[in-house]
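Going line by line, the protein sequences match chains A and P.
Read in the working numbering, the first sequence has 29 at position 16, and its numbers run on one by one without any break.
Read in the working numbering, the second sequence has 53 at position 32, and its numbers run on one by one without any break.
Hint data in this document are derived by calculation from the structure and do not stem from the laboratory.
Hints may contain errors.
Said to hold, decoys possible - Computed list of lysine to aspartate or glutamate pairs in DMTMM-like fashion (alpha-carbon distance at most 20 Å, straight line): (1) P/K63 x A/E113; (2) P/K63 x A/E66; (3) P/K124 x A/D98; (4) P/K84 x A/E113; (5) A/K39 x P/E79; (6) P/K78 x A/E113.
What the hints assert, rightly or not - Sample of chain A residues lacking proximity to chain P, with all beta carbon distances greater than 10 Å (derived): (7) A15; (8) V17; (9) L24; (10) N90; (11) L96.
On a predicted model such as this, the values are computed, not experimentally measured, just so you know.
Glycine included, each C-beta is placed from N, C-alpha and C at the ideal position.
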Amino acid sequence: DAGVTQSPTHLIKTRGQQVTLRCSPKSGHDTVSWYQQALGQGPQFIFQYYEEEERQRGNFPDRFSGHQFPNYSSELNVNALLLGDSALYLCASSLRFFHEQFFGPGTRLTVL
Amino acid sequence: EDQVTQSPEALRLQEGESSSLNCSYTVSGLRGLFWYRQDPGKGPEFLFTLYSAGEEKEKERLKATLTKKESFLHITAPKPEDSATYLCAVQARGGSEKLVFGKGTKLTVNP
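Build the full structure now, drawing on both the sequences and the hints.
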């Protein structure tokens with residue numbers, strides 16, 4: 014049973030560029046949440062997708078956007094990258110109305 | 022605003038030396054409290070969910086407990102492989118499914 018997968022593992026971008034991160038949820042899960050984790054901090058909630066719609070959003074600017082596909086996989090897009098966007102981006106999947114969220118290995122984004 | 026505070030920030034133990042990690046929380050109606058383990062550069066690994074005060078859960082050398090204001094993660098006779106950052110998160114009632122995390126406790130177990 015495959016767990017949550019994310020790609021790519023690492024990514025290096027320069028300021029002002031755009032990036033797309035991808036996530037495939039755990040088999041049987043239909044909900045995907047994205048989190049940003051800065052070094053030495055706990056993960057911060059970005060947004061959650063269910064039934065291909067954004068259901069809830071944390072305190073992140075509109076530069077952060079996402080998408081969920083019919084197969085429940087998801088993308089996170091970040092436009093106009095800033096140095097402060099450097100972080101580990103985590104995808105978590107869950108089954109709607111069940112509480113446990115299972116995390117993928119993350120994508121390490123470095124903005125130069 | 023929902024908030025989670027974990028203490029201590031870092032903890033060093035000798036192998037076999039039992040201890041506890043603390044997670045204090047304020048939330049507008051608790052749906053669940055979650056404990057995760059995170060190894061460096063990797064995603065958090067789910068450990069436990071606790072739903073109501075007085076609940077306890079165990080897994081190998083770990084035992085999690087919950088009161089109305091805090092949760093404890095007790096580590097009994099730890100081994101070096103228990104070294105990791107332990108994260109606590111809360112989920113509030115009311116339709117929101119987001120997890121609010123603390124900053125974690127970095128545990129180091131020396132042989």
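These are the hints, each one checked on the structure:
no.: 1; hint: P/K63 x A/E113; in the structure: holds (18 Å)
no.: 2; hint: P/K63 x A/E66; in the structure: violated (27 Å)
no.: 3; hint: P/K124 x A/D98; in the structure: holds (18 Å)
no.: 4; hint: P/K84 x A/E113; in the structure: holds (18 Å)
no.: 5; hint: A/K39 x P/E79; in the structure: violated (24 Å)
no.: 6; hint: P/K78 x A/E113; in the structure: holds (15 Å)
no.: 7; hint: A15; in the structure: holds (14 Å)
no.: 8; hint: V17; in the structure: violated (7 Å)
no.: 9; hint: L24; in the structure: holds (14 Å)
no.: 10; hint: N90; in the structure: holds (19 Å)
no.: 11; hint: L96; in the structure: holds (20 Å)
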